[in-house]
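Engineer: Spelled out, the chains give:
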Amino acid sequence: MNRKLLEKLALGICVGVFVIAAWFWIGQIIDVNEMLDMARG
Amino acid sequence: MDTLPFFEWLDTSILADISKAYGGTFAIVQVFHLLSMVVLGGMILTSDLRLLGVVMRDVPVDTVLDNTQPWINRSLVVIILTGIFMSSAVAIKLNYNEFFWAKMASLAFGIFFLYAIKRPLLRGDLSELNAWTPKVLAIASLTVWFTVAASGRWIGFS
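Sequences listed follow chains W and B, in order.
Numbering of the first sequence is given in this note's numbering, commencing with residue 1 and proceeding in unit increments.
Numbering of the second sequence is given in this note's numbering, commencing with residue 1001 and proceeding in unit increments.
Take the hints with a grain of salt, since some may be wrong.
[Unchecked claim] Now the in silico label distances, taken between C-beta atoms and shown as ranges:
1) W/K8 to B/Q1069: 20 to 26 Å
2) W/D31 to B/Y1022: 35 to 41 Å
3) B/P1120 to W/N33: 37 to 43 Å
4) W/V19 to B/N1073: 25 to 31 Å
[What the hints assert, rightly or not] Derived lysine to aspartate or glutamate pairs resembling EDC-like cross-links, with alpha carbons at most 20 Å apart:
5) W/K8 to B/D1125
6) B/K1093 to B/E1008
7) W/K8 to B/E1128
8) W/K4 to B/E1128
9) B/K1135 to B/D1058
10) B/K1020 to B/E1008
11) B/K1135 to B/D1125
12) W/K4 to B/D1125
13) B/K1135 to W/E7
14) B/K1135 to B/D1066
The hints are simulated quantities; they were obtained by calculation from the structure and are not laboratory data.
On a predicted model such as this, the values are computed, not experimentally measured, just so you know.
Built from N, CA and C at the ideal position, the CB exists for glycine as well.
Kindly generate the complete structure, drawing on both the sequences and the hints.
Structural biologist: Pasting the structure below:
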């Protein structure tokens, strides 16, 4: 594959990685906080 | 896709017989799994921190990437083989564990990202690329492998 095209593809994938990782980990932190709140009553 | 039949098969395989019956064997295999994770994590950190210009600035990026790659390859092979053995001991449980699937998805993506995107792009003259591209790749790589490691650890808590 053309290197410039691969570079653009790679940067697009990196943006996807950041968005999905943020969604996943923020979701987990919210879940853990809810579980801790429930455990505290 | 229903993955349960595969995990039911794994749960009754000879691997499961060994991993459930011989705790010592499981422990030894786990040691190699953890050691390989340490090697993989160390090599990923070394290569990505070099791309970010944090460590070993006096060593060319090519040299660091070329020297870490064989250890990444070896440790991935050991991690996958020992991981299959270890998962056979709790196969059915893992099928219903969301963090196991998060780990598998991020591991598969991490391998794709490394071999199909990062290595081919960084092989050759880096001056042809935007100056930020290797750094963005390094941060994305660290993010993916952190997710693999952390979701793997999270399996034990869930």
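Engineer: Hints first: check each against the structure and report whether it holds.
Structural biologist: We went through each hint and held it up to the structure:
1. W/K8 to B/Q1069: 20 to 26 Å: holds (24 Å)
2. W/D31 to B/Y1022: 35 to 41 Å: holds (36 Å)
3. B/P1120 to W/N33: 37 to 43 Å: Holds - the Cβ-Cβ distance for B/P1120 and W/N33, about 41 Å, lies within 37 to 43 Å.
4. W/V19 to B/N1073: 25 to 31 Å: Once the Cβ atoms are compared, 29 Å apart, the range 25 to 31 Å for B/N1073 and W/V19 holds.
5. W/K8 to B/D1125: Holds - the C-alpha atoms of B/D1125 and W/K8 are around 16 Å apart, at most 20 Å.
6. B/K1093 to B/E1008: holds (10 Å)
7. W/K8 to B/E1128: holds (13 Å)
8. W/K4 to B/E1128: holds (9 Å)
9. B/K1135 to B/D1058: holds (17 Å)
10. B/K1020 to B/E1008: It holds: about 15 Å lies between the C-alpha atoms, which stays within 20 Å.
11. B/K1135 to B/D1125: Within the cut-off at roughly 15 Å; holds.
12. W/K4 to B/D1125: holds (12 Å)
13. B/K1135 to W/E7: holds (12 Å)
14. B/K1135 to B/D1066: Judged against 20 Å, a Cα distance of about 17 Å means the pair holds.
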